[in-house]
Amino acid sequence: MKPIRALVCAVLMAPGLATAARSEILIGSVLSTTGPASFLGEPEKQTLEVYAKRINDAGGVNGEKIRLIIYDDGSDASNSRTFATRLVEQDQVVAVVGGTGTGNSLAMIPVFEEAGIPFVSLSGGVDIIDPVRKWVFKPPHTDRMACAKIFTDLKQRGLTNAAFIAGQGGYAKSMVTQCRSVAGQYGIKILAEESYGPRDSDMTAQLTRIKALPGLKAVINADIGQGPAIVTRNAAQINLGMPLYQSHGAATQGYLELAGPAAEGVRLPGPSLLVAEQLPDSDPQKKVLLDYTAVIEKATGKPVGTFGGYAHDGLLLLVDAMKRAGSADPAKVRDQLEKTKGYVATVGIITMSPTDHLGIDLSAFRMLEVKRGKWAVVD
Amino acid sequence: MATALQILFSGLTVGAIYALVAIGFTLVYSSSEVVNFAQGEFVMLGGMISATAVAAGLAPLPAASLAIVATVVTGILLYGLAVAPARDASPIVVIIITIGASIFIRGLASVGMGKEFHTLPPLLATPTLDLGGASVQTQGLVVMAGSVAIVLTLWLFLRMTKLGRGIRATAANRLAAQLAGINPRVIVGLTFAISALIGALGGILITPITLTSFDVGTLLAVKGFAAAVLGGLTHPAGPVLGGLMIGLLEAVGAGYISSQYKDVFAFVVLLGVLFLRPQGILGGRAVERV
Chain A
2 MKPIRALVCA
12 VLMAPGLATA
22 ARSEILIGSV
32 LSTTGPASFL
42 GEPEKQTLEV
52 YAKRINDAGG
62 VNGEKIRLII
72 YDDGSDASNS
82 RTFATRLVEQ
92 DQVVAVVGGT
102 GTGNSLAMIP
112 VFEEAGIPFV
122 SLSGGVDIID
132 PVRKWVFKPP
142 HTDRMACAKI
152 FTDLKQRGLT
162 NAAFIAGQGG
172 YAKSMVTQCR
182 SVAGQYGIKI
192 LAEESYGPRD
202 SDMTAQLTRI
212 KALPGLKAVI
222 NADIGQGPAI
232 VTRNAAQINL
242 GMPLYQSHGA
252 ATQGYLELAG
262 PAAEGVRLPG
272 PSLLVAEQLP
282 DSDPQKKVLL
292 DYTAVIEKAT
302 GKPVGTFGGY
312 AHDGLLLLVD
322 AMKRAGSADP
332 AKVRDQLEKT
342 KGYVATVGII
352 TMSPTDHLGI
362 DLSAFRMLEV
372 KRGKWAVVD
Chain B
-10 MATALQILFS
0 GLTVGAIYAL
10 VAIGFTLVYS
20 SSEVVNFAQG
30 EFVMLGGMIS
40 ATAVAAGLAP
50 LPAASLAIVA
60 TVVTGILLYG
70 LAVAPARDAS
80 PIVVIIITIG
90 ASIFIRGLAS
100 VGMGKEFHTL
110 PPLLATPTLD
120 LGGASVQTQG
130 LVVMAGSVAI
140 VLTLWLFLRM
150 TKLGRGIRAT
160 AANRLAAQLA
170 GINPRVIVGL
180 TFAISALIGA
190 LGGILITPIT
200 LTSFDVGTLL
210 AVKGFAAAVL
220 GGLTHPAGPV
230 LGGLMIGLLE
240 AVGAGYISSQ
250 YKDVFAFVVL
260 LGVLFLRPQG
270 ILGGRAVERV
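Residue numbers (my numbering), protein chains in the order written: chain A, 2 to 380; chain B, -10 to 279.
Simulated from the structure, these hints should not be mistaken for lab results.
It is possible that part of the hints are untrue.
What the hints assert, rightly or not - Some chain B residues judged to face chain A by a derived CB distance under 10 Å, without partners named:
| # | residue |
| --- | --- |
| 1 | T(-8) |
| 2 | G0 |
| 3 | S99 |
| 4 | E105 |
| 5 | Q126 |
| 6 | I195 |
| 7 | T199 |
| 8 | L200 |
| 9 | L209 |
| 10 | K212 |
| 11 | S248 |
| 12 | K251 |
Stated by the list, open to error - Footprint (simulated), chain A over chain B, 3 or more residues, beta carbon under 8 Å:
| # | segment |
| --- | --- |
| 13 | 1 to 14 |
| 14 | 239 to 247 |
To be verified - Partial selection, computed: residues in chain B whose CB lies under 10 Å from chain A:
| # | residue |
| --- | --- |
| 15 | F(-2) |
| 16 | G103 |
| 17 | T201 |
| 18 | T207 |
| 19 | L208 |
| 20 | G236 |
Here a beta-carbon is modelled for each residue, glycine too, at the ideal position from N, C-alpha and C.
Model the full structure from these sequences, guided by the hints.
Written out as structure tokens, the structure is:
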């Protein structure tokens, strides 16, 4: 029996030895690069790959090269969890950056919490960092912040009666729940919540119903994908007659193209990335934003989007923490992530603390309005 | 009144889209008792190839022609490579093959044409029309006219041409048709090609309203299939009736009852009708199909 046991041991230990022998820092990632969320996961993957190469070309991290291991979960949260386990047990990564959808991130969190590996999530849902979890951080703006930003703007314009029209996906549902919970704090009354299916092609029936509500002043659409563009077109078609707000999920060049002239006057809370060129030169973020835009547009030939920006921030936050820690040891990197202070990213200026693993506040969002087919800063 | 009219138009627009997707199901089903679940992929290919070609600088008309030709070729390949080799298998096996093929086509499209959403310009210059205080998208009217034109052409083709009569003969009795000198493999292959043609046309017409991406086919196919079953899978006008009914039910449900449950509302009616008439509203007995 003994030789067999030794052999088994050797086989089991081999991957671990192989990993240790290489002087590489293994960073894992699980993204939705196929399936319904792939239009979000794809730019994230491109960004990670482009920036990993840039980091290595510039000499790596602490003298070691980084190597990305990226898995595709097909937009399915149960796959995310399987790949998370594989990253931990088989690939033995030291840190993970990824999780396209909120559901995908939430499914992976227990795996990384148990293994003690820092996880920088790229999803929007506030549930990822509230309550604070020891090993979990995230740069993206939360849906609750988007609600707060929209409600602040509504209040300033005196439009305190609003209605929601939302998709049925996780992003839309989470945003509506968050908005409902903070509406009172901003003195906003939500008069109606309408919804539509994932591939519905006409929302005029819902919008007509909303339009008929007495005293309604504004309509908010929470969704990602093609839904916001169709809602925007339908609102113009039936002449809604009141301001339409979108969420940051619509903050993409694609939305402007798909919605066309109907988007004129639509407002949404968006990241500075979309309006980088319009920022004053004194803005501390401007350089980072323009650099990222130039790098990605050169590498992919496509315009930058919010979601690719999240991946940029996630990877660079990790690398920054590794540099400050002077090593890639998971526990040390986690401690340094938590001490991140004044880090200039595409989402805003990030300052983490033991009670705040998001690190940005409402000032990271800008209220944008579509003017002549382009994003313009309102405040 | 204007509200009611607006909701009616919404229902008719959506219904016309479902109808256009649904028409494609009937032909293959009639001649071979197979529900071709790759039908939604034909719709996707029509819209996606056109949109990609337009984005690459082609004018809309050549782009649409290219999309139609490419989709018909895909339909013939689907039959020749995947369905024909399994001709001795039961319809359920062939249905599963078409599901597999649809996943394959979707994967290829996502790799070849990207994962972003696309759109096409509407056919008419005026995007919306004002009718009695309500507003309707002109493209919705185009889709409705397109569905009617396709159904009429299909009907004439099946009644008036030799090939059409061959399809009907195969649908009525495959063995007898074979004895009369009709090659059922050619006929079924032809129905796949025509279904692909109808799907591609539909995809091009609906894209200005629905927008398109590589995964648009699946859910459209589900709704289109429901519409075809409701109206009757074996009657050429069945899908149009079924599509318009489901579209109207959804719009009335969303506009007057609750948008959360609009799909439930439509499917309850679907189940009720099928309980009373399993062959669909217009569906006839087996011998009379097509």
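Restraint: S99(B) near chain A, CB-CB cut 10 Å. Satisfied or not? holds, 6 Å
Restraint outcome when L200(B) is required to lie within 10 Å of chain A by C-beta distance: holds, 4 Å
Would the stated hint for G0(B) survive a check requiring a Cβ distance to chain A of less than 10 Å? Holds, about 7 Å.
How about T199(B): closest beta carbon in chain A under 10 Å, or not? With a closest approach of 4 Å, the T199(B) hint holds.
Does the CB of K212(B) sit less than 10 Å away from some CB of chain A? Holds, because the Cβ-Cβ distance from K212(B) to chain A comes to roughly 8 Å (cut-off 10 Å).
Would the hint on T201(B) stand, with a C-beta cut-off of 10 Å toward chain A? Nearest chain A Cβ about 8 Å off; hint holds.
Do the numbers back the hint for T207(B), that is, is its least Cβ distance to chain A under 10 Å? Since the shortest Cβ distance to chain A is 8 Å, the answer is holds.
Are S248(B) and chain A close enough, Cβ to Cβ, to be under 10 Å, as the hint says? For S248(B), the interface hint holds, since the closest Cβ of chain A sits about 4 Å away, which is under 10 Å.
Using Cβ atoms only, decide whether F(-2)(B) comes closer than 10 Å to chain A, and label the hint accordingly. With a minimum Cβ separation of about 7 Å from chain A (threshold 10 Å), the hint on F(-2)(B) holds.
Hint validity - L208(B) Cβ closer than 10 Å to any chain A Cβ: Hint holds; L208(B) Cβ to chain A Cβ min 4 Å, cut 10 Å.
May I ask you to test the interface hint for G236(B) with respect to chain A, counting a Cβ-Cβ separation under 10 Å as satisfied? holds, 8 Å
Given G103(B) was flagged as interface, is its beta-carbon under 10 Å from a beta-carbon of chain A? Since chain A brings a Cβ to about 8 Å from G103(B), closer than 10 Å, the hint holds.
Figure legend: structure checked against the earlier numbered hints; every hint is met.
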